[in-house]
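Participant: Those protein sequences? They're chains A and B, same order as listed.
Reading the first sequence from the start, the letters are residues 1 to 82 in the numbering used here.
Reading the second sequence from the start, the letters are residues 1001 to 1151 in the numbering used here.
No lab work stands behind these hints: they were computed from the structure.
Note that this is a predicted model, so its numbers are computed, not measured.
Incorrect hints may appear among the rest.
Here's a subset of chain B near chain A, in silico, CB distances under 8 Å, partners left out [to be verified]:
| no. | residue |
| --- | --- |
| 1 | 1037 |
| 2 | 1047 |
| 3 | 1050 |
| 4 | 1053 |
| 5 | 1117 |
| 6 | 1121 |
| 7 | 1127 |
| 8 | 1135 |
Ideal placement from N, C-alpha and C gives every residue a C-beta, glycine not left out.
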Amino acid sequence: MSLRVLYFARLRERFGVAEENLDFAGTAAGLVAELQARGGVWAEELAAGRAYRVAVNQEIVALDAVLPDGAEVAIFPPVTGG
Amino acid sequence: MKIVVQTESFDLGAEVDAMRAGRSDIGAIASFVGLARDMNEGSGVAAMTLEHYPGMTEKALAKLVDEANARWTLLDVTVIHRVGRLLPGDPIVLVAVAGRHRGEAFAACEFIMDYLKTQAPFWKKEDTPEGERWVEARASDDAAAARWNAS
Chain A
1 MSLRVLYFAR LRERFGVAEE NLDFAGTAAG LVAELQARGG VWAEELAAGR
51 AYRVAVNQEI VALDAVLPDG AEVAIFPPVT GG
Chain B
1001 MKIVVQTESF DLGAEVDAMR AGRSDIGAIA SFVGLARDMN EGSGVAAMTL
1051 EHYPGMTEKA LAKLVDEANA RWTLLDVTVI HRVGRLLPGD PIVLVAVAGR
1101 HRGEAFAACE FIMDYLKTQA PFWKKEDTPE GERWVEARAS DDAAAARWNA
1151 S
């Protein structure tokens, strides 16, 4: 299953990547766990207790949401506009 | 309804004039303009850069305007949010709400801003004497949005 994964703001800068394609099937929490397992800044920024949001196809979802095939998944810090 | 994300500035008077042009059913227009400040968290801010999530931003703004329309009888809503590099004193965001009476216009304007602060995917990065820093989300903004669910 293929996903397009986007990162924004502080996470994009720290990860050094804005977008990547990943083969993954499961939930948003599962994807985050797989990214954490990369270690380094990934483990640090996505550690338990760090605040981040996950959007699937441009809607914020809960971490137990199942990711549909071909989804656009975005991971970003809490928003600070306005 | 007008929802725009843009780099250019905006003119509140022109937006209000456009809302009321050619109609006489509007009794009240409430508006809010948010500005970039020169100070935050004890540091001087020389400039800020606003990033957003193109596509999701417009959807999120449309959704929160829909929620306002479901709560109040509104005649028109304009939301303009800027992105890119802004200097202290520059306008960042405009919300204008037209209604038959002031009550719904005031309330919906505040509701839209409170939801925008916590739901719309924008992020601010500040240039300070200590270097660049991403603005952290505030618990007070979550509390401001949450109070609309309390009643």
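Participant: All hints, please: hold or fail.
Facilitator: Going through the hints against the structure:
1. 1037: Constraint on residue 1037 of chain B not satisfied, violated at 12 Å.
2. 1047: Residue 1047 of chain B check fails; min Cβ-Cβ to chain A is 15 Å, beyond 8 Å.
3. 1050: holds, 7 Å
4. 1053: holds, 6 Å
5. 1117: holds, 4 Å
6. 1121: holds, 5 Å
7. 1127: violated, 14 Å
8. 1135: Holds, about 4 Å.
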